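Based on these hints, arrange chain A on the given structure of chain U.
Chains as they are written, first to last, in the working numbering: chain U, 1 to 489; chain A, 1 to 489.
These are calculated hints, taken from the structure and not from any lab test.
Watch out, some of these pointers could steer you wrong.
Stated by the list, open to error - Simulated pairs of lysine-lysine, BS3-like, Cα-Cα distance not exceeding 30 Å: (1) U:K436 <-> U:K281; (2) A:K366 <-> A:K281; (3) A:K413 <-> A:K140; (4) A:K123 <-> A:K140; (5) U:K123 <-> A:K123; (6) U:K197 <-> U:K365; (7) A:K122 <-> U:K123; (8) U:K195 <-> U:K365; (9) U:K122 <-> A:K123; (10) U:K365 <-> U:K436; (11) U:K122 <-> A:K122; (12) A:K281 <-> A:K365.
Unchecked claim - On the chain A side, residues computed to face chain U include the following (Cβ under 10 Å): (13) S59; (14) Q119; (15) T229; (16) N238; (17) N252; (18) L257; (19) G269; (20) E320; (21) P326; (22) I333; (23) R357; (24) P458; (25) N459.
Said to hold, decoys possible - With beta-carbon atoms standing in for the labels, derived distance ranges: (26) A:E87 <-> U:K123: 41 to 51 Å; (27) A:S133 <-> U:V215: 52 to 62 Å; (28) U:P451 <-> A:G339: 18 to 28 Å; (29) A:E137 <-> U:N238: 13 to 23 Å; (30) A:D369 <-> U:G306: 24 to 34 Å; (31) U:K281 <-> A:D266: 38 to 48 Å; (32) U:D216 <-> A:D369: 47 to 57 Å; (33) U:I88 <-> A:P62: 38 to 48 Å; (34) U:Y379 <-> A:G315: 15 to 25 Å.
Given the structure is predicted, the values throughout are model-derived calculations rather than measurements.
All C-beta atoms in this analysis are idealised placements derived from N, C-alpha and C, irrespective of residue type, glycine included.
There are 2 protein chains.
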Amino acid sequence: MRIRFHERDAFLKSLATTDTMREIQSRRCFVTVFADYVHAHRDCFLRELQEIVRIPSVSTEPAHASDVRRAAEWVRNAFQKLNVSAEILETGGHPAVLAERNASPSAPTVVIYGHYDVQPAKKDDGWDRDPFSADIEGDKLIARGAADNKGQFHAHIKGLETFLNTIGQPPLNIRFLIEGEEEIGSPNLGGLVRKQKERLRPDAIVISDTSMYQVDTPTICYGLRGLTTAEITVIGPNRDLHSGTFGGAVANPIHALVEILAGLHDSDGRVTIPGFYDDVKPLEPWERKAWAELPWDDADYRENLGIAELWGERGYTSIERSWGRPTLEINGIYGGFTGVGFKTVLPHSATAKISLRLVPDQRAKKALDLLENHLKFIYMNGIQINVSRLAGGNPVRFDVSGPWMDALIRALKTGFGRQPVLMRDGGSIPIVGLFKEEFDVPVLMAGFARPDCGSHGPNEYFSICDYNRAIITSATLLQELTEVHLGDV
Amino acid sequence: MRIRFHERDAFLKSLATTDTMREIQSRRCFVTVFADYVHAHRDCFLRELQEIVRIPSVSTEPAHASDVRRAAEWVRNAFQKLNVSAEILETGGHPAVLAERNASPSAPTVVIYGHYDVQPAKKDDGWDRDPFSADIEGDKLIARGAADNKGQFHAHIKGLETFLNTIGQPPLNIRFLIEGEEEIGSPNLGGLVRKQKERLRPDAIVISDTSMYQVDTPTICYGLRGLTTAEITVIGPNRDLHSGTFGGAVANPIHALVEILAGLHDSDGRVTIPGFYDDVKPLEPWERKAWAELPWDDADYRENLGIAELWGERGYTSIERSWGRPTLEINGIYGGFTGVGFKTVLPHSATAKISLRLVPDQRAKKALDLLENHLKFIYMNGIQINVSRLAGGNPVRFDVSGPWMDALIRALKTGFGRQPVLMRDGGSIPIVGLFKEEFDVPVLMAGFARPDCGSHGPNEYFSICDYNRAIITSATLLQELTEVHLGDV
Numbered sequence: 001m002r003i004r005f006h007e008r009d010a011f012l013k014s015l016a017t018t019d020t021m022r023e024i025q026s027r028r029c030f031v032t033v034f035a036d037y038v039h040a041h042r043d044c045f046l047r048e049l050q051e052i053v054r055i056p057s058v059s060t061e062p063a064h065a066s067d068v069r070r071a072a073e074w075v076r077n078a079f080q081k082l083n084v085s086a087e088i089l090e091t092g093g094h095p096a097v098l099a100e101r102n103a104s105p106s107a108p109t110v111v112i113y114g115h116y117d118v119q120p121a122k123k124d125d126g127w128d129r130d131p132f133s134a135d136i137e138g139d140k141l142i143a144r145g146a147a148d149n150k151g152q153f154h155a156h157i158k159g160l161e162t163f164l165n166t167i168g169q170p171p172l173n174i175r176f177l178i179e180g181e182e183e184i185g186s187p188n189l190g191g192l193v194r195k196q197k198e199r200l201r202p203d204a205i206v207i208s209d210t211s212m213y214q215v216d217t218p219t220i221c222y223g224l225r226g227l228t229t230a231e232i233t234v235i236g237p238n239r240d241l242h243s244g245t246f247g248g249a250v251a252n253p254i255h256a257l258v259e260i261l262a263g264l265h266d267s268d269g270r271v272t273i274p275g276f277y278d279d280v281k282p283l284e285p286w287e288r289k290a291w292a293e294l295p296w297d298d299a300d301y302r303e304n305l306g307i308a309e310l311w312g313e314r315g316y317t318s319i320e321r322s323w324g325r326p327t328l329e330i331n332g333i334y335g336g337f338t339g340v341g342f343k344t345v346l347p348h349s350a351t352a353k354i355s356l357r358l359v360p361d362q363r364a365k366k367a368l369d370l371l372e373n374h375l376k377f378i379y380m381n382g383i384q385i386n387v388s389r390l391a392g393g394n395p396v397r398f399d400v401s402g403p404w405m406d407a408l409i410r411a412l413k414t415g416f417g418r419q420p421v422l423m424r425d426g427g428s429i430p431i432v433g434l435f436k437e438e439f440d441v442p443v444l445m446a447g448f449a450r451p452d453c454g455s456h457g458p459n460e461y462f463s464i465c466d467y468n469r470a471i472i473t474s475a476t477l478l479q480e481l482t483e484v485h486l487g488d489v
Numbered sequence: 001m002r003i004r005f006h007e008r009d010a011f012l013k014s015l016a017t018t019d020t021m022r023e024i025q026s027r028r029c030f031v032t033v034f035a036d037y038v039h040a041h042r043d044c045f046l047r048e049l050q051e052i053v054r055i056p057s058v059s060t061e062p063a064h065a066s067d068v069r070r071a072a073e074w075v076r077n078a079f080q081k082l083n084v085s086a087e088i089l090e091t092g093g094h095p096a097v098l099a100e101r102n103a104s105p106s107a108p109t110v111v112i113y114g115h116y117d118v119q120p121a122k123k124d125d126g127w128d129r130d131p132f133s134a135d136i137e138g139d140k141l142i143a144r145g146a147a148d149n150k151g152q153f154h155a156h157i158k159g160l161e162t163f164l165n166t167i168g169q170p171p172l173n174i175r176f177l178i179e180g181e182e183e184i185g186s187p188n189l190g191g192l193v194r195k196q197k198e199r200l201r202p203d204a205i206v207i208s209d210t211s212m213y214q215v216d217t218p219t220i221c222y223g224l225r226g227l228t229t230a231e232i233t234v235i236g237p238n239r240d241l242h243s244g245t246f247g248g249a250v251a252n253p254i255h256a257l258v259e260i261l262a263g264l265h266d267s268d269g270r271v272t273i274p275g276f277y278d279d280v281k282p283l284e285p286w287e288r289k290a291w292a293e294l295p296w297d298d299a300d301y302r303e304n305l306g307i308a309e310l311w312g313e314r315g316y317t318s319i320e321r322s323w324g325r326p327t328l329e330i331n332g333i334y335g336g337f338t339g340v341g342f343k344t345v346l347p348h349s350a351t352a353k354i355s356l357r358l359v360p361d362q363r364a365k366k367a368l369d370l371l372e373n374h375l376k377f378i379y380m381n382g383i384q385i386n387v388s389r390l391a392g393g394n395p396v397r398f399d400v401s402g403p404w405m406d407a408l409i410r411a412l413k414t415g416f417g418r419q420p421v422l423m424r425d426g427g428s429i430p431i432v433g434l435f436k437e438e439f440d441v442p443v444l445m446a447g448f449a450r451p452d453c454g455s456h457g458p459n460e461y462f463s464i465c466d467y468n469r470a471i472i473t474s475a476t477l478l479q480e481l482t483e484v485h486l487g488d489v
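So that you can see chain U by itself, here it is in the shape it has in the complex:
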């Protein structure tokens, strides 16, 4: 079964005189080999995936710091088992894993990015089981991080394994960069990437950390919103007060906070921060048209979410609002007594966690500057407003044509048996903006998570069928990228 690649390469080159022959070889033959391998190893692959999702690598919670490191070690070991050299790189925060397999200096370099850290999850949040039990129910592997992002990057590791154990060594320099701080905005990865720039030097970057447009529909994402976050804390009296004794005479920080927050949107659903929309590039007519033609039903969407009506910026469709327009969301709020029962307290302070989703050509830093500046001009009796800036990433949009993108389209078509759709995504992967700025090479984003996969919410799951398709897609992509390279020669 093991065919050395250079033999296959020579063979292929000899056949590559007609597109038809090449098509047969590269698609049908390889796919069969990959599919056989994945089929034979599917239980073993799944058990490995269960192992990594059981590690509660919640990057935002200091109590989980050792779990985060344990996850990094697991990822490094996964590469080492394939005889792919891998090391843990310290970042000052949670570590990243860099794996590399080199073909030759003249070969193109592909960087596959993923993250092994996950969002917080507690059973109380609405999960119907322990979020880290990694139970399998039918086609679903249910666990925090199963879809976002462990299942997806693991499919690429298994794709590489499939390639190595069937075809052999590809004539590509391959790097995997799997980080541990994506869910907290990748605060340290920028420094790491700049430090490792010479080692990475990609010709293309592959990322699977987005969603499929719908079930059974392979999807390429060519744009992401940027994200920047901040905490607004309103401070009133120097201690918690009895709201009977002091209420009416002293400003309540919760009142001040809700007034500030309520003022951040107007009645058209637009963000009121002065200058917020200045750098927003209008949606292009072709995009609005293409998106309008996608299968989409607001009624289904509402029904799935259990709401009577949608909401958002006036003048845009639901897709346009979530993929192509900026937002300000309050992601958390707390102040005063939040336990069971009641406590008549006039609290010392109240806090909101806010995120801004940005679209081209907004910049994360400038958006936060505008927010901060806006809050500076709010004056309220007897309270102070503190803004603490958290991490951010810029929005991106990539070209939807070119040989690398075409290779991805073919690989997805192979793995899923269908033509992929092109979409943008409302979510944000901070590192993508950084890659765009540092390397300016094609970034190929193919997400394998279903739209209802529950990432960031309860009962997150990854489809086992899609996991296997993703592994075949990944192995096929290595083959397709090889051919782009060979085509260039």
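Chain A alone, transformed into the frame defined by chain U:
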């Protein structure tokens, strides 16, 4: 030392031909006896008080239910040790303790009310120690419940002990009603009081659950604000969503909640609920004048609270706003991710805990009806508003003259060596409204807690000096009430 009361009574009556003699006897002589007894037993009293404050009888937290019952048993035992019959009365919620000592059917009946339950307290709330350690530092006994209300009702128990062990049996029917649900709005005490109406049948009610106007200033409170509370929950999508994927297309319940809450006050600090002020009796000119003459300095008040400015309803002084005007306070708010770090969630729901403080002649039920009705007319896309009504109590104001009130004034003058001041209080004791409605007898409210005692906040304390003064005041009050009775004969 033990003098039977009837002997002392006969002796007194023989002397009572001149006011001067009576004054000497009733004030100087008895006070000396009480003071000697309190002085001799002060360490023992304090140890007992430490015992009861160490029981974390937090009525609002289900996890503390057994502590609440333990506190009730402790209180019952405290009476039984004095040979005062006492029993635990079940209420459906936390139990109450009813103690009684009868003189004769023709004797007047005095009911002393207190509560053994406390507000929640955790070290994290800003306490500089375990809130239930009951440490003594200088003159302070520091603990949750030390001032509100364990120290205060315990002073009355020790006042009775002092009287019984010096003068003997007073010609009064005395009942202590010490409940366990005051901090959750006394939801079950109304039923209990109505059931025990014949046994209670008071001629006067004594309550020490308010504050002194300032240090060393004995204070009678003749009015309390009413209190009614509710929880507003805004419900959006049927699960927590990823705010990148869905943000902009779906209403965020936190946004809706802050908008609703921000709309509950206007820019003059007035509550916007239609009809809210309809039943508010304007402050009387004599009250505004008397309050303006009290020693008060807004600058000191601000400095003590660490705020640059005060806030509240335009057109009223700080005292007027906190004692005599109604308010709406947000006592707690939560929604989305509230832990350390960040989670980009668009949450399923968000909740606020709200209290309305009411003044005569507002009614708790009507105020909640108005709030609920107001919220019913708020329409927002894709969200539902749920209001859950919690417990409430009506505001009260009592006559500041009459023989019972005069007796309290004399007792406080004796215990503290100073003329008491008359005030209203912004706080609420739900049972006071109930007493007023059920019995329509004088309610004598003398609070022994200092204004900075920290009730409902961190580092609550009770002055040990005031505790001893309160015991002497309580014993003297029994003597003074006896004389009102004898004067009636």
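Here's how the hints hold up against the structure:
{"no.": "1", "hint": "U:K436 <-> U:K281", "result": "holds, 18 Å"}
{"no.": "2", "hint": "A:K366 <-> A:K281", "result": "holds, 15 Å"}
{"no.": "3", "hint": "A:K413 <-> A:K140", "result": "holds, 23 Å"}
{"no.": "4", "hint": "A:K123 <-> A:K140", "result": "holds, 18 Å"}
{"no.": "5", "hint": "U:K123 <-> A:K123", "result": "holds, 26 Å"}
{"no.": "6", "hint": "U:K197 <-> U:K365", "result": "holds, 23 Å"}
{"no.": "7", "hint": "A:K122 <-> U:K123", "result": "holds, 24 Å"}
{"no.": "8", "hint": "U:K195 <-> U:K365", "result": "holds, 22 Å"}
{"no.": "9", "hint": "U:K122 <-> A:K123", "result": "holds, 24 Å"}
{"no.": "10", "hint": "U:K365 <-> U:K436", "result": "holds, 16 Å"}
{"no.": "11", "hint": "U:K122 <-> A:K122", "result": "holds, 22 Å"}
{"no.": "12", "hint": "A:K281 <-> A:K365", "result": "holds, 17 Å"}
{"no.": "13", "hint": "S59", "result": "holds, 8 Å"}
{"no.": "14", "hint": "Q119", "result": "holds, 6 Å"}
{"no.": "15", "hint": "T229", "result": "holds, 5 Å"}
{"no.": "16", "hint": "N238", "result": "holds, 3 Å"}
{"no.": "17", "hint": "N252", "result": "holds, 6 Å"}
{"no.": "18", "hint": "L257", "result": "holds, 8 Å"}
{"no.": "19", "hint": "G269", "result": "holds, 8 Å"}
{"no.": "20", "hint": "E320", "result": "holds, 9 Å"}
{"no.": "21", "hint": "P326", "result": "holds, 8 Å"}
{"no.": "22", "hint": "I333", "result": "holds, 5 Å"}
{"no.": "23", "hint": "R357", "result": "holds, 6 Å"}
{"no.": "24", "hint": "P458", "result": "holds, 6 Å"}
{"no.": "25", "hint": "N459", "result": "holds, 8 Å"}
{"no.": "26", "hint": "A:E87 <-> U:K123: 41 to 51 Å", "result": "holds, 43 Å"}
{"no.": "27", "hint": "A:S133 <-> U:V215: 52 to 62 Å", "result": "holds, 58 Å"}
{"no.": "28", "hint": "U:P451 <-> A:G339: 18 to 28 Å", "result": "holds, 26 Å"}
{"no.": "29", "hint": "A:E137 <-> U:N238: 13 to 23 Å", "result": "holds, 20 Å"}
{"no.": "30", "hint": "A:D369 <-> U:G306: 24 to 34 Å", "result": "holds, 29 Å"}
{"no.": "31", "hint": "U:K281 <-> A:D266: 38 to 48 Å", "result": "holds, 40 Å"}
{"no.": "32", "hint": "U:D216 <-> A:D369: 47 to 57 Å", "result": "holds, 53 Å"}
{"no.": "33", "hint": "U:I88 <-> A:P62: 38 to 48 Å", "result": "holds, 46 Å"}
{"no.": "34", "hint": "U:Y379 <-> A:G315: 15 to 25 Å", "result": "holds, 21 Å"}
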